[in-house]
Amino acid sequence: MKIAEKINKESLNEYKRSLRFSLHVIGHPFDGFWDLIHEKRGSMAAANTILIAVLLIRIWRTQLTNFMFILYRPEKFNVLMCVLEILVPIAIGCVSNWCLTTLFDGKGTLKNIYMAVCYAYTPYVLLQLPMIFISNIVTREEGVFWSYMDRFTDIWIAILILAAMMMIHDYGLGKAIFAAIATAIGMLIIIFILLLFFSLISDGFAYFISLYKEIVFRFY
Amino acid sequence: MKRKKIIQRFVCLLLAMILLSPAATLKAENNFYTYVYDIWGEAKESPDAYSAQLRVFGIDFGIGDFRQPQGMYAAGDRVYIADTGNNRIVELLAGTESLSLVRVIDTFKNGDADDTFKSPNDVFVDKKGDFYICDTENKRVVHLDKDLNLVKLLLQPVDETYDASQDFLPTKIVVDDAGRALVLGRNVNKGVIQYSPEGEFTGYIGASKVTFSMVDYIWKKLSTQAQRAQMESFVPTEYNNIALDKDGFAYVTTSVFSEWDLKDDKAKPIRKLNSMGSDILIKNGDTPPIGDIDWGEGAGIKGPSKLIDVTPLENDIYYAIDRTRCRIFGYDSQGQLLYAFGGNGNMMGYFMNPVALDHLGTDLYVLDSRTNSVTKLVLTNYGIQINNAILAYQKGDYDLSADYWREVLKLNSNYDLAYLGIGRALLRQNRYEEAMEYFELKYYGRAYSKAFKLWRKEWIEEHIAYFIVGLLILIIVPKTIKTVKKVKREVSEE
Chain A
0 MKIAEKINKE SLNEYKRSLR FSLHVIGHPF DGFWDLIHEK RGSMAAANTI
50 LIAVLLIRIW RTQLTNFMFI LYRPEKFNVL MCVLEILVPI AIGCVSNWCL
100 TTLFDGKGTL KNIYMAVCYA YTPYVLLQLP MIFISNIVTR EEGVFWSYMD
150 RFTDIWIAIL ILAAMMMIHD YGLGKAIFAA IATAIGMLII IFILLLFFSL
200 ISDGFAYFIS LYKEIVFRFY
Chain B
0 MKRKKIIQRF VCLLLAMILL SPAATLKAEN NFYTYVYDIW GEAKESPDAY
50 SAQLRVFGID FGIGDFRQPQ GMYAAGDRVY IADTGNNRIV ELLAGTESLS
100 LVRVIDTFKN GDADDTFKSP NDVFVDKKGD FYICDTENKR VVHLDKDLNL
150 VKLLLQPVDE TYDASQDFLP TKIVVDDAGR ALVLGRNVNK GVIQYSPEGE
200 FTGYIGASKV TFSMVDYIWK KLSTQAQRAQ MESFVPTEYN NIALDKDGFA
250 YVTTSVFSEW DLKDDKAKPI RKLNSMGSDI LIKNGDTPPI GDIDWGEGAG
300 IKGPSKLIDV TPLENDIYYA IDRTRCRIFG YDSQGQLLYA FGGNGNMMGY
350 FMNPVALDHL GTDLYVLDSR TNSVTKLVLT NYGIQINNAI LAYQKGDYDL
400 SADYWREVLK LNSNYDLAYL GIGRALLRQN RYEEAMEYFE LKYYGRAYSK
450 AFKLWRKEWI EEHIAYFIVG LLILIIVPKT IKTVKKVKRE VSEE
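Protein chains in written order, with numbering that gives the first Met the number 0: chain A, 0 to 219; chain B, 0 to 493.
In case anyone wonders, no lab produced these hints; they're calculated from the structure.
Here the structure is a predicted model, which means the values were calculated and not measured.
Don't be surprised by glycine CBs; every beta carbon is placed ideally from N, CA and C.
Where hints are given, some of them may not hold.
As the list claims (entries may be wrong) - The calculated label-pair distances, taken between Cβ atoms and stated as ranges, are:
no., chain 1, residue 1, chain 2, residue 2, range
1, B, Ile467, A, Phe66, 51 to 57 angstroms
2, A, Asn12, B, Val476, 55 to 61 angstroms
3, A, Ile190, B, Asp37, 31 to 37 angstroms
4, B, Leu410, A, Asn135, 30 to 36 angstroms
5, A, Ile180, B, Glu258, 15 to 21 angstroms
6, A, Asp169, B, Val476, 32 to 38 angstroms
7, A, Phe196, B, Gly302, 33 to 39 angstroms
8, A, Asp169, B, Lys301, 40 to 46 angstroms
9, B, Leu453, A, Ser10, 51 to 57 angstroms
10, B, Pro477, A, Ile190, 56 to 62 angstroms
11, A, Phe196, B, Val255, 43 to 49 angstroms
12, B, Gly297, A, Trp59, 39 to 45 angstroms
13, A, Leu172, B, Asp37, 29 to 35 angstroms
To be verified - Taking lysine-lysine and the DSS-like style, the derived pairs with C-alpha atoms no more than 25 angstroms apart in a straight line are:
no., chain 1, residue 1, chain 2, residue 2
14, A, Lys75, B, Lys484
15, B, Lys441, A, Lys75
16, B, Lys262, A, Lys75
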């Protein structure tokens, strides 16, 4: 009862409208992303929905695409890894981009960046879902079309993300490309620091564990 | 009472152990480690395709041990061994289960005088029974008739392409049916030296192109003198062995290559040369025929296989032997690995330093220059079934081939080629759906696609009626509804 009250008709309509807005964004990236952020046409709920759809499709894709196109080893398949392969780059990318753009007078907040990136992944949902089905009704020779479609999805997403960067932070094209490169470098630095951090922590733990063992061996 | 119980339990345990032991004894019969690679490049154990039948030493024939023998040739019912260290050729008669001495050749008639060999490295006997012997240290190839009278000598080529300052040290020889001799020489990297039937040098065949990349050049410029000496020099391939197949094509092996060139098929350790000297070996397997795919490292043995001899059989299966891990690899005519077996060791069926591999029928003979012995390997039932299946497929008897493959699957359900074979046979019988199932099991995309295409065509042809009916309904129903409504409206208006 409480939930039903919470999801009242107003907010459900709002959610539907913001989700439908993603279809406008992928066709008109500049207007779309501007309105998404500045006119409050997008919502976090819709962004999360798109991201979850992307993750689900990524899992289905590896499992259900015909083996002629994606060959995966069932015994080595790991759903968690499959999900993290998308989530981690998005998370680190958003953080790195936000860190850098705040320095280079970008206008966007972390929330804006995340929302825009999620909306930019809409083509993945729209194209890869039918591709799973198509892969099962084409032969290997006809499958050239399949790999072109794959490439096309990537390029479309890249263009959308670039457009999003320009609109969110109010950048020109040159500055947006520069920010993209800087973001990539920033991501590498973040990963490096994370690795360093984890290896230091595990070394620290190892020290105490060996100390404990030493004591145990001495007194037993 | 308590004691009785303990005894009872003990007896039960013993019984259980006896009941469970057949599995253990079955395993003990697998004396030779045999395996194949699956699609992921992982070794999968398989039953033995070959088992060692006997191993003979020189001393078994009362002629003293062989001393570092280097070459072997088998034809008809004879096995010839170039006993290099003892400067002699040993001719053996191969029975079904034994080898016996025919004669020892250590002298021959050179005109009126007797002549001898000096560390002969290889021997070849043609169909007439003429001997061709690589008399290495004497820098010549000796051609003798079957009564050991000298026919001719093949000497150092007098040609500007041959570096005259370099000694001519022939190491391997084969002679084709027309009498053309193909000779490999030590330190000769221009390919295979070819002699006319009259013994004249006619040129080289099969020299591989020297590849020289810009990166190598820059790297070389930057490195010091010492580093440069350590690097591999840009020399073309030096072949280390040669064998003729039933059609007269020369199979050659080489072990001079860069490790990283192996898997993308740039190194080509096994080549099949046509008369023009180009490589025509068929490679339809997941990886080219390079020996081991998964190299591993252990017991001081690492790196890729160094194939040092190859022998093509009458059924187009060829076997190559690896010096690194002393294993023998069998490939079918499509270049797919059938099985690999053998290993480094002292036991029968294992080798210390194999130098030559040859065959009589389907029996394999391996010459080991460390243990100075010859090992005879014979096909097991498993190997026979695989050979039968391949042979039946080559003859076009696909049903029979599938039956043999099913027999193979009973012995080894991990055998990928059997699935492919059954699938192909089903495809020929127009049983597309079953064929697809077999191909999908082992991820044969190319074959699966072919079967799928035919199945899809059949399916559409079968269901075309439904499609047409569905389409008609889609078109007609809205139209009729429209007309009905129109008529109704007209009626009501009136």
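Here's how the hints hold up against the structure:
Look at Ile467/B against Phe66/A: about 33 angstroms separates their beta carbons, and that is not inside 51 to 57 angstroms. Between Asn12/A and Val476/B, the C-beta spacing of about 35 angstroms breaks the proposed range 55 to 61 angstroms. Range check, Ile190/A to Asp37/B: about 34 angstroms between beta-carbon atoms, so the 31 to 37 angstroms window is met. Between Leu410/B and Asn135/A the beta carbons are some 34 angstroms apart, a value that agrees with the proposed interval 30 to 36 angstroms.
Roughly 36 angstroms separates the CB atoms of Ile180/A and Glu258/B, a value that falls outside the hinted 15 to 21 angstroms. The hint said 32 to 38 angstroms for the Cβ distance between Asp169/A and Val476/B, and at roughly 55 angstroms that hint is violated. Phe196/A and Gly302/B have their C-beta atoms about 38 angstroms apart, which keeps the hinted 33 to 39 angstroms range intact. For the hinted restraint 40 to 46 angstroms between Asp169/A and Lys301/B, the CB-CB distance of approximately 58 angstroms leaves it violated.
For Leu453/B and Ser10/A, the hinted distance range of 51 to 57 angstroms is satisfied, since their beta carbons lie about 54 angstroms from each other. The supplied range of 56 to 62 angstroms is met by Pro477/B and Ile190/A, whose beta-carbon atoms lie about 59 angstroms from each other. As the Cβ distance of Phe196/A to Val255/B is approximately 48 angstroms, the hint placing it in 43 to 49 angstroms holds. Distance hint for Gly297/B and Trp59/A: a CB-CB separation of about 41 angstroms, consistent with the stated range 39 to 45 angstroms.
Between Leu172/A and Asp37/B the Cβ separation comes to about 50 angstroms, which falls outside the hinted range of 29 to 35 angstroms. Only pairs whose Cα atoms come within 25 angstroms are accepted, and Lys75/A paired with Lys484/B is rejected, the gap being roughly 61 angstroms. The hinted pair formed by Lys441/B and Lys75/A meets the criterion: a straight-line CA distance of about 16 angstroms does not exceed 25 angstroms. For the proposed pair Lys262/B and Lys75/A, the alpha carbon gap of about 23 angstroms is at most 25 angstroms, so the pair holds.
Figure legend: structure checked against the earlier numbered hints; hints not met, in rising order: 1, 2, 5, 6, 8, 13 and 14.
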